[in-house]
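Undergrad: What follows is each chain in one-letter form.
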Amino acid sequence: MLKFVVKRLLLLLPTLLGVVTLVFFMIALSPGDPARVMLGERASAEQLKKLRAELGLDKPLGQQYALYLGRVLHGDLGKSILTQQKITEELRQRLPATIELAFTATIFASIAGIVLGVAAARKRNTWVDYSTMTGALFGVSMPVFWLALVLIMIFSVALDWLPTGGRMDVRLYFTPITNFFLLDGIILLFKGEGGKIFFNALKHLILPSIALGTIPLAIIARTTRSSMLEVLKQDYVKTARAAGVPEWKVVYHYALKNALLPVITVIGIQFGLLLSGAILTETIFAWPGIGKWIYHSISARDFPAVQGGILFISVFFVLINLAVDLLYSVINPRIRLQ
Amino acid sequence: MISNELLKIDALCVSFNTQRGKVRAVRNLSLGIAEGETLALVGESGCGKSVTAHAITRLIPMPPGLIESGSIHFRGSNLLSFSEKQMRAIRGSRISMIFQEPMTSLNPVFTIGAQIAEVFLAHSKMSKQNAHTKAVELLKLVKIPDPEKRAKSYPHQLSGGMRQRAMIAMALASPNPGLMIADEPTTALDVTIQAQVLRLLAELKERVGMGLLLITHDMGVVAETADRVAVMYAGRKVEDAPVEEIFTNPRHPYTLGLLGCQPSAPANRGAPRLTSIGGSVPDLLTLGEGCPFENRCNRALPVCRENFPSAAAAGSAHTYYCHNPEAPQTEERRS
Amino acid sequence: MDTKPIPADPGFWADSWHQLKRNRAAMAGLLIIACFALLAIFAPLLAPHNPLEQVIAARMSPPLSSGHLLGTDDLGRDMLSRLIYGGRLSLIIGIISVSISLILGISLGIVAGYFGGWLDKVIMRVIDIMLAFPYILLTIVIVAILGPSLMNAMVAIGISQMPRYARVLRASVMAEREQDYVMAERALGTSNFELMFRTILPNALAPTIVQATLGVGEAILSSAGLSFLGLGAQPPTPEWGLMIASSKQFITSAWWIVTLPGIAILLAVLGFNLLGDGLRDILDPRLRD
Ligand SMILES: Nc1ncnc2c1ncn2[C@@H]1O[C@H](COP(=O)(O)OP(=O)(O)O)[C@@H](O)[C@H]1O
Ligand SMILES: [Mg+2]
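Those protein sequences? They're chains A, B and C, same order as listed. Quick note on the numbering used here: the first sequence kicks off at 10 and runs consecutively. Quick note on the numbering used here: the second sequence kicks off at 401 and runs consecutively. Quick note on the numbering used here: the third sequence kicks off at 370 and runs consecutively.
These aren't lab readings, by the way, just hints derived from the structure by calculation. Here the structure is a predicted model, which is why all the values come from computation and not from measurement. Here a beta-carbon is modelled for each residue, glycine too, at the ideal position from N, C-alpha and C.
Just some of the chain A residues that point at chain C, by a computed CB distance under 7 angstroms:
no., residue
1, GLY27
2, SER39
3, PRO152
4, TRP155
5, LEU158
6, MET162
7, VAL166
8, LEU289
9, ILE319
10, SER323
11, PHE326
Produce the complete structure using the sequences and hints provided.
TA: So this is what it looks like as structure tokens:
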């Protein structure tokens, strides 16, 4: 098992190197002069020269690449032009918000998706199945940003139940502990400061999580359904029924444990995708995470920030996929005990 | 006709509604098994043996399946009138089943021990610990070496023969088993293992005193284990007799054909071909009211197309369904 | 399945069409796409107004008001006309993006699958690295670099979708490469180029067609998203995503300006997804028995 993990990690190195290289050349070889693009048409020759020197753009490409690689290996992603802050610092501040949103969206999508998928499989070719699968099809065909606006229109504007955006009401400002507001809320609850923070954070998470979670929900429901149908056909399900095991136990214990194996992989991949897919959702809900920050960096033509952001998210994505693979082999006895 | 009757199937009809039409998989089938008796149900693939077995435990998927008519009495009560809840109490406790594929019939993500324990837990109130201890005892009973360790193994860690033993253990996980249905339990196993598993099955059957419905198409297996034999063809029972009678005095041409093929050769495993009879099993969709064997039978008469023959008796316990049966064998010709 | 016709055989496509006709969901998808295509082709005839014409007096008229079946937007432009022209644009965007993608993906996939060896290894490595980037992020960043415009959005979508076509085609080319009919052609001395594009490609294309159908839907969705972020179509183009973006502030007062373009996107994408799912059931060899 350890050998397997090490092997997978080693196989990952060329991919990671490729990712860094691609990110570098994407920016370096972009049409036009990056310094000019960043500073705009009216920048003076002086300013341009200064920025080029700052970014190392005046050196030959090969040398630029070597320098970039060296910096990245030391965990240095450079400075944002806009804020002059270290990009790693910018990311660190925003990561908890993004993870918190992606996480709650994934939880919502997984629970609802699995429940609906199992129901559809059990009631195959009934209205339960048809409506779930039609809903799932609508889910993957829907523009997320539009769904977000419609949700705001209904639940924030018309009904006034939920906030339109942000992570927390301004009046409840507090000094974050972990920067995961739900977690902070729980900690404060135990410190005897009441549940206000927790519930306010939760309220702010509902709409963005639904918007962000809709596509994964649809995909998880479809996967669960087809996986469950496949498993229910298996001989061992018949064995369990023939042995008089109660039907609910056959379905929710015997069959589901098998059916979830492929679903867990899908959930993991979706979680990875949500970290980046949050660009639209974070922008609409004014969610102070990495997605919104990348969007602003793009609008501001802050290329070092864009470069750092995409590199970070991609590496994160690759690592999550690896973690999912490893998790799969840990929970599947057929692989684990080989 | 049998006094201490364990199972009695009467005029059972089972069909499947498929996209191509109604498949009548079992037609007007009657069978009886006495307490402690072994009945072998034989016939080519696709002739309705498994459907019969599943009908007994009411595990036919409905839809597309449907038990149209008939009755299945187990120790005097009609299983077809039972509620699903009553049925569940019977399955795995009074009537247990073993399937053909030991590779796929055990759940890959649970240990062997947990799967056997689950059967105990389904039928009686006991602690998980207790159920597990009993599972280990059963593994010992089916002669699995090192049962404590094997109980903690997953199916893929066991050989095919071991898995089939584990399946047998699972089928025995009951305080008072009455009937065991073994649907081609050795077909998927190596020839050497087949004999061991069969011997184990026969031995346990004696020891527990249960009836056995053994589905197979291996006449060698039949000769070794069965008390009585029922021959099925295309959903119909065509002959039913004590085992010696079947081998020495077969009356239905199909039975004779079955005896002519040698399924113990490895190439024949799983799908015996009746080399001695030309053709193959007819399409159940298009089958009429005549004898289904008519198109392959070298003794067929015009009447065979018209209707299916009624039962004819050749001795007290031997019935067959044929318009133009084989001649009875005399003592001299038998030797 | 011994007599299964090979895909290049006209019988294969006729057979597939017959199967598709019996798939109600796929037919519904085809119907939706056909409606959009007709609306797109005859947009100038069918649209009641010029989609760019602003009638300030009729600003934000709700649906069913006189002369405006689906109402007008914040600048008094007729919603129905804008939606029809938006459909034309979306269809064009979808087709062009996927065409770009297919040209790149098919070239790479067929070369990798046909020649194998180090060429295959290099191409697949690059594809794997591209797949290490989440699709949406990759698209956004490519547009960000190229500069916001509709053309660049299509190029970006084309590049981001390319890996999947290359992969799918490579797999089916590898399977076809060893078939008897290819061997026979090869023995006749047919050139590699002809073998690749004349002999193998038509037979290996089916799974790629499935992916491309789903890809058009996804391209429509992505381009709407890019335009929504201001990275695709620019005002006053009647692009669906852009229409949603520029009406954001009116969600309190004029629901239809936000809602209708979204429903249009949903329907169009739904059409391609329905058809794609239906085609997958028929054409994907992994699902064939
Ligand atoms: N779930 C089902 N749906 C449709 N037809 C079935 C189904 N199960 C069995 N059958 C039909 O019943 C017939 C008998 O099958 P079976 O009992 O499995 O044969 P065997 O004697 O080999 O065990 C088959 O020809 C098959 O067509
Ligand atoms: Mg069978």
